[in-house]
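Peer 1: Next come the chains, spelled out residue by residue.
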Amino acid sequence: MGARHCLSHLGGRNDCGQNMSTNTTAAPRRAFANIDLRAVAPFFALAVLFLLGALVNTNFLGIDNLLNVLTRSAFIAIIAIGATFVISAGGLDLSVGSMAAFVAGTMILFMNTGTVTGDYALLGVAMLIALGIGGLCGLANGLMTTLGRIEPFIVTLGTMGIFRALTIYLAEGGSIPMKSQALRAAYRPVYFGSVAGVPIPVIVILVVAAIGAFILYRTRFGRHVMAVGSNEDVARYSGVSVNRVRTMTYVIQGICVAIAVLVYVPRLGAATPTTGLLWELQAITAVVIGGTALRGGVGRIWGTVCGALILELVGNIMVLSDLVSEYLIGAVQGAIIIIAMLIQRSLARR
Amino acid sequence: MSDMLVPLLEARQISRSFGPVEVLKGIDLSLRSGEVHAIIGENGAGKSTFMKILSGHLSPTSGSLAMGGAEVTFRGPVDAESRGIVLVHQEILLAPDLTVAQNIFLGREVRNGLTLDDRFMSAKAHEAVLGLGADIDPNTVVNRLSIAQRQLVQIARALAVPHSVVIFDEPTASLTTTETDALLKVIAGIRDKGAAVLYISHRLPEVKTIADRVTVLRDGRRVGTYDASELDAGDMARLMVGRDVNKLYPDRAQTAEQDIVLDVKNASVPGYVRDASFALRRAEILGFGGLVGAGRTELMEGVLGLRSASASVTLHGRPVHFRSVKDSMAAGIVYLSEDRKGKGLLLGQNLTINLTLAGLNRFVRGFLIDKSHEKQALDQAFTDFDIRTGNREMNAGQLSGGNQQKLLLAKMMLLQPDIVVIDEPTRGIDIGTKEQIYRFIAELAHSGKSVIVISSEMPELIGICDRIIVMRNGEIAGEVAGERMNEDDIVMLATGANQLTQLSA
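Protein sequence lines correspond, in order, to chains R and S.
Numbering-wise (our numbering), the first sequence opens with residue 352 and increments by one.
Numbering-wise (our numbering), the second sequence opens with residue 21 and increments by one.
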């Protein structure tokens, strides 16, 4: 490459001031510090919550209570990891709660048919089917937003209604329970069991988050997700298949929903019309609290997990204390997302 | 006229630091009523920072401002504006879905009791644009206007408040020659009404035309203030860069060989280009000239798979069809967009992510991105392309225009292309960096690669190209080479002026 050398022939003047003058916002040094602050903020908030919890109730710091909180946060945490991909790429998925109900319903219906002999074999096939249905639901969302060129807000608002209604239709207005008691018993440990003292749902969170972080931070696809979320045109002009990347984020979201369902079904052993209700809001809240930018281009997997934990901890502290009625959990969680945005905004300004 | 002697606005030993870096060092400036005072300097010389201080967007670290001889401190841009200092921004900052009148009166709407007095505002807005020599219907929605018209609306908006000092920050960066001429008349008009105009531009001939006095900044210092009549464009360039730049364009022997690497026949891009055919030779620098909007960018984007088009394309003798830009990149053709900020770089991401985005495959081992390899590539790019910044952790959006272009070049050259298409290679770039970019293009051709340069600056095309194709209204109007590569011939082709003269003859 003979051409590579030419620009260095000319003056070696090193003028480090030149970038400052055209900079319209803060000085670069500060912007750099901001990024760190915003990444650290959710973990700081988590630490504060721990302190608060310990002050409010002595049982709070008990290992049982904490593991219980972690376990309960699993559904939202796993779904929110998928949502981190969608949101980082500049998309949005409102359908995750309904999708969870739909995947749970179809999975249980399949198990109730008992077409595969042997409980564990049946469970295994049912799980694969759930993952497949989740992936397909995500694929549908993705294709409609990319090929159909419809706003993701509208597409997933539509599928949110569709998945929910399909679930209710399949359940004929009631709930879809697992019929076989033997199967229930075989499946139960996935939610209630633990390995070396760590509940399985917690292990699932960690594994999904680790895989998610690996994909988002270390692979080409992850880099493309960030690029598409930062500026779709730049990504396209750089040879990134924007539609494929976008669609894949929805597929990942669908698979994450299915994984959450795999952990959810053994808990109640049924899918009901209220399964997954408002999960989309909690998932988006977790993502935003975790420091991922809603406009795309920045994704923080571990921040998201931290965000899901914060949501669950707030609920837990409210139950353990008498400060605020636990009926107000939704209001407090709603307030948290707004406060989180305000904090992000103020960190960005300084 | 004694008030001519007391400066309207005065900067006294203004310095400004960002953290440890001093960007402005003891700048003095006095602005008189009825003058156009140009500020020139390379990117990074401190022009923008200085403008922001004068218009109240930034406060100086030391030094002071004075108006009419009395010291003043601006609490912010609104404060500065209330004292008569208005800034016309480089970017168009208008609400695209509102009308001209709504934009001009945005934030200072005139009410008639409870309701808006639209009739009054429309009349006033019309008056304001007419005053700038343009007849734009005040009820037109802004996104229907051309860039030049929007610029005028923006100026009308700035001038709608009582003003004594008007600051223009590179107002002609995205205007054509004709539009620029019209704008310069507007600026002369503002001056003639007694205001002081501060004018920042990279385009030195323009500065020579419009300015009464010129202040040159270099590396944050004031090199000097001169009467514009004392300097020609070459002097200005020399003062800005601090060395001789009489040779802006590199000497080069014609390297173009006979064999054709890229042959495009009957390319059509719906709405932009009809039936365009051209051929590119090995080691050739082929220029595409014409007016803004002639369809040059659209033709290239269509051929390379960036927008839908029909064309029969032959690459190295084999027919190809690029369904997306990914295909054309894989085939060894890269396209550097004229819109660096919108289509070239991820302004909110760091330099490494930007550098390796297009050529990321080269940095993937197994499933992993090799980050140390990426870091090496960034170091290499800094040396090879002379990217100048103190801090490598910054975002691409924080780089100066010249450094952004170098980063974009580095990014695309990572793909090791055979054919490089550069759209407006030096738009918004200072003269020192321009020279580097030209040398780079020349070396590309020297090393056997073929280059297509799309440019609206004719001297640039003439200076570096082997051959220039001129487009007009979406069609190829003709081609000039050798002796015929001069501005007159190109303008005739670009505007169709020769046809008109023939018709009238």
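Just so you know, these hints were derived from the structure itself, not from any lab.
Keep in mind that the hints are not guaranteed to be accurate.
As the list claims (entries may be wrong) - If you anchor each label on the Cβ, the simulated ranges turn out as follows: (1) S:LEU113 / R:LEU388: 41 to 49 Å; (2) R:LEU388 / S:SER392: 56 to 64 Å; (3) R:TYR568 / S:ALA90: 55 to 63 Å; (4) R:LEU487 / S:VAL181: 22 to 30 Å.
Unchecked claim - Just so you have them, the derived chain S footprint on chain R, three or more residues with Cβ under 8 Å: (5) 574-586; (6) 631-638.
Here the structure is a predicted model, which means the values were calculated and not measured.
Ideal Cβ positions, reconstructed from N, Cα and C, are used throughout, including at glycine.
Peer 1: It remains to establish, for every hint, whether it holds in the given structure.
Peer 2: Here is how each hint holds up against the structure:
The beta-carbon spacing between LEU113 (chain S) and LEU388 (chain R), approximately 29 Å, falls outside the hinted interval of 41 to 49 Å. Between LEU388 (chain R) and SER392 (chain S) the Cβ separation comes to about 27 Å, which falls outside the hinted range of 56 to 64 Å. Between TYR568 (chain R) and ALA90 (chain S), the C-beta spacing of about 57 Å keeps the proposed range 55 to 63 Å intact. Taking 22 to 30 Å as the suggested C-beta distance range, the pair LEU487 (chain R) and VAL181 (chain S) does not conform, at roughly 59 Å.
Taking a C-beta to C-beta cut-off of 8 Å, the segment 574-586 of chain R contributes 9 residues in contact with chain S, enough for the three needed, and the coverage statement holds. Check on the segment 631-638 of chain R: 0 of its residues sit with their Cβ under 8 Å from a Cβ of chain S, so the three-residue criterion for coverage is violated.
In this structure, the earlier hints numbered 1, 2, 4, 6 are contradicted, and the remaining ones agree with it.
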